[in-house]
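Respectively, the protein sequence lines represent chains A and B. Residue numbering for the first sequence follows numbering that gives the first Met the number 0, starting at 0 and increasing by one per position. Residue numbering for the second sequence follows numbering that gives the first Met the number 0, starting at 0 and increasing by one per position.
To be clear, the hints were calculated from the coordinates, so they are not data collected in a lab. In this text the structure is predicted, and so the values were computed from the model without any measurement. Honestly, I wouldn't trust all of these hints.
The list that follows gives simulated cross-link-like pairs (lysine-lysine, DSSO-like), each with its CA atoms no further than 30 angstroms apart [claimed, not checked]: (1) B:Lys87 to B:Lys291; (2) A:Lys141 to A:Lys33; (3) B:Lys78 to B:Lys279; (4) B:Lys56 to B:Lys291; (5) A:Lys141 to B:Lys34; (6) B:Lys78 to A:Lys141; (7) A:Lys141 to B:Lys56; (8) B:Lys87 to A:Lys141.
Derived coverage of chain A by chain B (criterion: at least 3 residues anywhere in the stretch with Cβ under 8 angstroms from a Cβ of chain B; other residues may be distant) [unchecked claim]: (9) 84–90; (10) 103–114; (11) 122–135; (12) 178–184.
Partial list, derived from the structure: chain A residues whose beta carbon lies under 10 angstroms from chain B [to be verified]: (13) Asp52; (14) Arg54; (15) Phe56; (16) Thr93; (17) Ile94; (18) Val95; (19) Gly138; (20) Gln139; (21) Cys140; (22) Lys141; (23) Pro143; (24) Pro174; (25) Asp197; (26) Pro273.
Positions of the beta carbon are idealized from the N, C-alpha and C atoms, including for glycine.
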Amino acid sequence: MAATTNRDVTSLGSTVPVMPPELIRQAPEGVPSKEISYQEAIREALREEMLRDERVFLMGEDIGKHGGAFGVTRTLFDQFGPARVRNTPISENTIVGAATGAALVGMRPVIEIMFVDFSGLAMDQICTQAAKLRFMTGGQCKVPWVLRMPQGGGAGKSTAAQHSQSLEAWYAHIPGLKVVLPSTPYDAKGLMKAAIRDDNPVIFLEQKFLYSFRGLVPESDYVLPLGKCDIKRPGSDITIVASGYMVWHAMMAAHILAEEGVSVEVIDVCTIAPLDEETIGQSARKTGRVVLVSEACRDYGPANEWGMVVMERAFEYLQAPVVRVTGRHTPIPFANSIENGVWPDTPAVVNACRSVLNW
Amino acid sequence: MEIEHDILMEMYRRMVRIREFELAAMDLFKRGQVKGAIHLYIGQEASGVGVCLALRKEDLIAGTHRSHGHNLAKGADPKRMMAEILGKETGYCKGRGGSMHIAAFETGSLGALAVVGSGIPLAVGAALAFQMRGEDRVAVPFTGEAGSNTGNWHEGLNMASVWNLPVVFVLENNHYGVSTNIEDVVKVKDLSQRALAYGIPGIRVDGFDVVAVYRAALQAVERARRGEGPTLLVTESYRFEGHYAGEPEVYRTRAEVKEYRKKDPIPRFRNDVVNDGLAKPAELDAINAEIKQEIADAVQYARQSPEPAPSTAMEYIYA
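Please work from the sequences and hints to get the whole structure.
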């Protein structure tokens, strides 16, 4: 059952799609839509929420003219000016703490930390202050901020050990925080709007490999619910639970397996916390076979939590052991030759599914 | 500048209230009725009272693990304060915070954060909101002298100064961070000089003299209200009790504590106003009697209040 590191996929079928069409055409049918990138989707959400609500403002390092580490806030400085698109000193802990202070008095800050890897500098303000303030004051206050952080890696990115981590488990472990990790432009926009309108501190993780991926989003305003998994593809033989970029691999695996007559259900854990246990449990009870796919390091990672949810909610329905396909438990290396080997890919997901199907 | 009689009497009332409140809390602690730890402000009352009387209700303070005094100085109700220390549902934080997180938002608070220095960024952010909205409110984070070595403190002073935010950073020098004397961990003798690095005024004031603190705070607060930016206000003080109630105090001599106790801000103020003919002893005695009763009532209220129901354990985690 060593599916985690098994990459000996010999038959991948002949028609591997470049991109899973369901992820590109995710917007509801019949609604006027446009095709934009994941990065543009986040920017649109920020722009529209800033126009809708003057309490919303942005703060972070180099988010002004420069547009932030990945250009997400580009053009917003010109539109809203330096007061609402605010360049800060390199002071991660105080950027977050200041957002908390502003939120306490009625603002709705959206802040950026350049890479999730840098958020270690702000752990006190994120986990020990913002997450606990409402609780330890007996509900006297609320902290409605959104903390945007690019995270993760991707083939050929070569950003090495301090700019490539997937750290959703750090934050999902802290009661009082919500953690979002969208996989598509449609989800990114709708979930960002929900995060801004939510009254709690929300960690909004952006998978940087996905920034350039394009998909359809509705022309009009829409908001997606926080705390819900999204069924990206319904199926009946096996469930793949995945998040972030791994949803793309899960969908590609589903296409490959469909050619072999296997019906795969793909569950996107687009809100990491609080976790929608019901949707995962339901799917596991239906298919009886589950593969978990997460980019984060394996040990104590998100996939392990999903696996326990399956155990608690669907054990008696399982027809095979649950298998996880995750990032290997290593810092991310620089050299492509080894970097490419640390993250799950489509063959690894296909292989894991086959091992579960043939168990 | 003459200080109105009402304000002088309020200075005395609030200092006595903090003192009596903490003596009562210490008594309850020694009898095992307070769980956890309490960090006492006894000896430092003039600092919190002098600062908070220079503020309006809508100005906000950010507290620390040692903030019974800051809350009471800002006008918090001793009943709900004592109930919180005893972990009761009627406490300001409904028993979820306790002594270290005691915060009365209704009287103008950003919370009490028990990680040294962590309240600084919150005050900076609140002040940023005031500035963005054109409000003439001021945010005041309290920290002990040891807090001025934290990253939060330096990042916060830098951000507030570069954005000209209405913050008054109050640094209460009680000389010890737990057991460590400030002279062992900071090179400069005058902590107000740390303001120089941020291009803002640093004021150093006798923290046993409530009138001096009040005047200095007013100056800093008015500067902030005028939009001229933050000030660092250092109040030179001393805590008469240990870091927490019952702490062994192996790091200082009894003689040192005895020497500092001679500077007690409450009898000093009393002597000053009586000698200057600004108040009659009977007037001050009446305040003492009023506060004694008020604190006795607070203890009774707290004792009789219910504890939070176990079924409510998961409340207030999310809004």
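Verification of the supplied hints:
{"no.": "1", "hint": "B:Lys87 to B:Lys291", "result": "holds, 22 angstroms"}
{"no.": "2", "hint": "A:Lys141 to A:Lys33", "result": "violated, 36 angstroms"}
{"no.": "3", "hint": "B:Lys78 to B:Lys279", "result": "holds, 29 angstroms"}
{"no.": "4", "hint": "B:Lys56 to B:Lys291", "result": "holds, 25 angstroms"}
{"no.": "5", "hint": "A:Lys141 to B:Lys34", "result": "holds, 27 angstroms"}
{"no.": "6", "hint": "B:Lys78 to A:Lys141", "result": "holds, 24 angstroms"}
{"no.": "7", "hint": "A:Lys141 to B:Lys56", "result": "holds, 20 angstroms"}
{"no.": "8", "hint": "B:Lys87 to A:Lys141", "result": "holds, 21 angstroms"}
{"no.": "9", "hint": "84–90", "result": "holds (count 3)"}
{"no.": "10", "hint": "103–114", "result": "holds (count 5)"}
{"no.": "11", "hint": "122–135", "result": "holds (count 8)"}
{"no.": "12", "hint": "178–184", "result": "violated (count 0)"}
{"no.": "13", "hint": "Asp52", "result": "violated, 13 angstroms"}
{"no.": "14", "hint": "Arg54", "result": "holds, 9 angstroms"}
{"no.": "15", "hint": "Phe56", "result": "holds, 7 angstroms"}
{"no.": "16", "hint": "Thr93", "result": "holds, 4 angstroms"}
{"no.": "17", "hint": "Ile94", "result": "holds, 8 angstroms"}
{"no.": "18", "hint": "Val95", "result": "holds, 7 angstroms"}
{"no.": "19", "hint": "Gly138", "result": "holds, 4 angstroms"}
{"no.": "20", "hint": "Gln139", "result": "holds, 4 angstroms"}
{"no.": "21", "hint": "Cys140", "result": "holds, 6 angstroms"}
{"no.": "22", "hint": "Lys141", "result": "holds, 4 angstroms"}
{"no.": "23", "hint": "Pro143", "result": "holds, 7 angstroms"}
{"no.": "24", "hint": "Pro174", "result": "holds, 5 angstroms"}
{"no.": "25", "hint": "Asp197", "result": "holds, 8 angstroms"}
{"no.": "26", "hint": "Pro273", "result": "holds, 8 angstroms"}
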